[in-house]
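Hey, can you piece these two chains together into the complex? The hints should help.
Residue numbers (our numbering), protein chains in the order written: chain U, 25 to 404; chain Y, 24 to 370.
Just so you know, the hints here were simulated from the structure itself, not pulled from any lab data.
By construction, the Cβ of each residue, glycine as well, lies at the ideal position given by its N, Cα and C atoms.
Keep in mind that the hints are not guaranteed to be accurate.
[Unchecked claim] Derived DSBU-like pairs: lysine-lysine, alpha-carbon spacing no greater than 35 Å straight-line:
| hint | chain 1 | residue 1 | chain 2 | residue 2 |
| --- | --- | --- | --- | --- |
| 1 | U | K103 | U | K76 |
| 2 | U | K206 | U | K177 |
| 3 | U | K173 | U | K302 |
| 4 | U | K276 | U | K177 |
| 5 | U | K310 | Y | K139 |
| 6 | U | K277 | Y | K139 |
| 7 | U | K68 | U | K345 |
| 8 | U | K93 | U | K76 |
| 9 | U | K303 | U | K345 |
| 10 | U | K276 | Y | K139 |
| 11 | Y | K139 | U | K68 |
| 12 | U | K93 | U | K276 |
[What the hints assert, rightly or not] Reference listing, derived: stretches of chain U covered by chain Y, where coverage requires no fewer than 3 residues with Cβ under 8 Å from a Cβ of chain Y:
| hint | segment |
| --- | --- |
| 13 | 217-227 |
| 14 | 237-243 |
The lines below spell out each chain.
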Amino acid sequence: MKKSLLASLALAGALAAAGAHAEITVGVSLGVTGPGASLGIPYKNAFQLVPKTLGGEPVRYVILDDESKPDNAAKNARKFVAEDKVDVMMGSNGVPSAVAMTQVAAETKTPMIALTPMPPLAGERAHWAFVVPQTTELMMGAVVQDMKKRGVKTVGYIGFSDTWGDLMYNAMEKLAPEGGYKLVTNERYGRADTSVTGQVLKIIAANPDAVVVGGSGSPGATPQIALRERGYKGPIYHNHGTVNLAFIQTAKKSAEGVVAPTGPLIVAEELPDDFPTKKVSLDFVKRYEAEFGPESRNAFAGYSYDGVAVLNAAVPAALKKAKPGTPEFRAALRDALENVRDVVGTHGVYNMTPSDHNGLDERARVLVQVRDGRWRLYNK
Amino acid sequence: MSPDIALWLVQDGITNGAIYALLALALLLVFAVTRVIFVPQGEFVSYAALSYGLLQTGQVPGTVYVLVGGGLLAAGFEIAAALRERARPPLARILVVYVAIPLAIAALAWWAAPRKLDMWAQVLLAVALVAPLGPIVYRIAFQPLANASVLVLFIVAMAVHYALTGLGLVLFGGEGLRSSPLSDAQFGLGVMNVSAQSLWVTGATVLGMLALWLFFERTLYGKALRATAINRVGARLVGVPTELSGMLSFLLAAFIGALSGVLIAPITTIYYDTGLMIGLKGFVGAILGGMASYPLAAVGALGVGLLESFSSFWASAYKESIVFTVVIPVLLWRSIASRHPVEEEEE
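Okay, chain Y solo, but in the shape it has when bound (with noise of 0.2 Å):
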């Protein structure tokens, strides 16, 4: 292998890493905070860039339905547990949150798409589009059951996960889509080019991780969701409300999402199931970091996308067997290594 094919590989590998690292993140962060392993989340990806694809078009994307759809399910979920307890449904906050909103975004996504405004604002309406499927999908699926078992949890999520894909296939139909780069610009660097779509990928991810440190360290609503990643009952007991923890850290996963289908729609092409693959890379990279620190988990992903780039090289028939193989030493390593099994929280 010559210098300047590693190169190339290290440069793909660093942009799917960068990718990978975004939803491992998301997938980390969910975890911490609900202890929900949130298989769906590859699914915002796909639908995203999936959304981005079709405004590119000018056609309105599926996910409006979706989006509208699930804005009133999570409606009658509020409006029905209000009145199971005898309280009255605190319905302004309701209209607004579940039903004023999506109605909003779904009708400027109505009015925009036949226009064709500018590609910025087809990326702001596309992540505007997937981002509060993240609290619909935790409203109607995960709260009622937020002290289940992680198992359940877990189950509750494929399932979650089965219901979106069909979804997908219903709305996007089966083809894939890739759509058009926000620039096409190359740069000459040494041997190689680098797209600049390449640079949008790994620019992203730093400024979000960037962005998510920042959350976590300066403000009260992240201080409050890593009060209650750190521990339930204890965050529970000083007033922070455990419901609104989930609400928040399912936003930033889908909004996380979303950023990722949209960086990388230009650069692959996504089918509607594209998102598992993409979630379980992603899943790897956490697992890699040891579920517990961002910053490992972070190394962790873009060591998967470098690793899948190499061995796509070297071995393409088994470029999927290597890196999901590479769990297997990771795991028993860190059962060997660590002192106490990792036990289940009771409440």
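Just chain U, same shape as in the assembly (with noise of 0.2 Å):
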């Protein structure tokens, strides 16, 4: 009894010290605080549904909060590499933020998952940092093809006063050639501004064939509301970083028939029967909203899910080459995540090359519509 005792309890050390030897450790900031928040909640939610292991290796994630601010995201990232020796980072839910991680990430030479789409990179910055969300122009580009359907020549921009807002505007400037039409305002405002009567006004005053809103979430309810109050009665388009629930429960009504690209993961159970990611985003869907609540779903949680998938399709071809904690594994990690194939993820399959280190196509998006309080599949 007493030894066998002893034996099992000198076993188990034994499988922690090699359990601990080989762990992977991955370094999170999120916004879980601060005016990001509503974004960086379910962004941390999805940590709870991935898998405990990484290709096959056990994992310790470190979330931190970032309160939304790119200093701290920065300190935070810092914090990864210098305390807790992390093999990667993962973040962050603001723009700001992920780009100011991304400087660590390179001079630390360390791999980084950015979880917001990201503005052009360049040098060692895009060496290392690997984004998971679709591209703003992939995303727009949805738009643009349903505007060229419907004949828009004139584009009125209302959007964020951030990089956010600057994101939407430059790639539907960068789209504009193909889609044949103009930008006729640049508008901005505040995520918690009270009123956008004055930037409304000066769009209805140009009187565009549509309406692009580079918002997200609730605060993207905002010209919603004012442009269907002060009458506009043209095709009004959002982003994907406005697709949630607090976006429609905001703008109530007025929310009816707008159109938005996302990740397919939102409209799983609409997507057809072959299309290549519906198991995973079905999948995922369920279960978040098993452990967050009826209607929970959203993008954010997903982008987190996909970036541990892509983690632990390269994990492999890097545990051949190095030991985790080690500068050779974080390089062997980078080279491995540059060469990941054929991915499926809850918003689309990944297909990373040297050159593309986002790896998404067409399959990674669709265009939703609300339809009677609720996101669903645009067939038009």
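Shown next, in the form of structure tokens:
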């Protein structure tokens, strides 16, 4: 009895030691509080649903709050490298915060999985950073196709007065020749603004055929409500940052008819059976809603999940070259991430290459529309 | 810019300006009586707006926990203060003011929330949930430091702001809420429509100001507050309890904040952290008015509303910068125009 207890203790100890030895550490910085909190919380929730191993090895996630502030995100990134000795870092839910983290990633030669779309990066930053979400051009490309079908010639733009607003505006500007439209306004507003009357009046005075809103979540509803209140009748397009339940709850009736691009998981049930991500998307959405309540699905949690899926695919190749916790492993992991092929996530199919650190294609986007107070697959 | 666009912008500016004016008055009142630059004033706005929004959806707002918890904490402070002076704590008074009243309001909210009473009852309940937070905050954070310098009080006010915002995130979550208006009516007025809600806002602001004026001019408590504001030592010498004045000014401030909150809840989306921005704009209004006169502060706040609305039309990306930049020339002018530098009142 005593002997077997000792033996099992020793065995457990040996296992623990072996486990600790090969354990992979992932540092995650998210804005769980502050102005980005409504996105940061679902990003964090997803980590309750991810597998407990990466490429068969045990994994430890160190999740820190950066209060949606870029300087805190950079501080967290330094802490990950210096104290937690992470093998890879992930983050953040705000574009400026994620950009701040890439600087640290490049300096310390740590691979980084960015969980927001990124402005174009250069040099070492581009070398070490991989981006999970669809690029804004890919997403807005779907919107532009639909605008072309509807014969839209002039487009009014209103977006956040921050990097997200800039990213969306730049994407719309870049796609303008292809879509054959002209951007006639570039209005900006703050996430917490109490009124957008001035901006909306300017758009209505310009009378564009369609309006594109570069906001996200419930703050995306502010111009939506104001445009409809002031009697704007044309189509209003949003972006993938807006596709959540809070937007509909805030905009209420005025949200009806809104069209936006998003990842397929939002309408997982409605996807055709041969859609490449249907199984993964549906499974994730079901588990997420079982854990966090009905209708709680959102694109953001899917990005965390896909980030982990991409890592999971890259780790085995890196393990062959080096042990976790070493600079060699970090470099090997970066190389392996660049060679990830056909990883099916909740948002799309990832095929990374040295020149494409995002790896998503048209299979990673669908257009959705608000009908009867829900996001539904758009078929027109 | 066509005249009808200008009219729209004026309407929008007046509606927002009215809210800033109410907050400017509250900030001025608290500053005059207690010398606290009350940064968390805006939190009362967001707490009330979010509580009202949650009551509309039939949920019990998290404000009840802040109210009851804060009340218990304040009661603890009272008892400890009495014991330190080796006096018998006035238990009956403490229990009624800090425990029984918050509990009663919280219980009412628990009872009323799932029943979805009519809108007016919800408005009253939301205001009743938030207004008592004023005296509670004063008792916990400011009364023990009543004689500290303006700077110390300001730093404490910042701390209270962070505490309340953090609690707001925990209690209300990160998403914004927009409640339904008291009435959907629109009135045609020449080229434009005026929504009933913006009339409510302007009307309530005018009424609120009138009520404050009557309070200060006609009631004993109002006069006591004015006396404290003019000269704290003098007021104490003639028997005005300065602690009561502080309580009262915070109660008024919280009440005004809560009122503003339920007024703007239907016209804008409120987040747990919206309060700071709204409060700051009220503060800019009060500064434009010289941080001394109530009518000037109201006019200043209205000016902020109009400026904001017009700059959002012309240069939306720079709107906030324009609004806050206005403070600089005003401060410069005031520091040149005032004959002696503002001195901190010593006691």
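A quick look at each hint next to the structure:
1. U/K103 to U/K76: Roughly 23 Å separates the two Cα atoms, so the pair holds.
2. U/K206 to U/K177: holds (6 Å)
3. U/K173 to U/K302: holds (27 Å)
4. U/K276 to U/K177: Given that 35 Å is the threshold and the Cα spacing comes to 29 Å, the pair holds.
5. U/K310 to Y/K139: The hint holds at about 32 Å.
6. U/K277 to Y/K139: Distance of about 21 Å is within 35 Å: holds.
7. U/K68 to U/K345: holds (31 Å)
8. U/K93 to U/K76: Satisfied, since the Cα-Cα distance of roughly 29 Å is no more than 35 Å.
9. U/K303 to U/K345: holds (33 Å)
10. U/K276 to Y/K139: holds (19 Å)
11. Y/K139 to U/K68: holds (33 Å)
12. U/K93 to U/K276: holds (30 Å)
13. 217-227: holds (count 9)
14. 237-243: holds (count 3)
Checked against the numbered hints given earlier, this structure breaks none of them.
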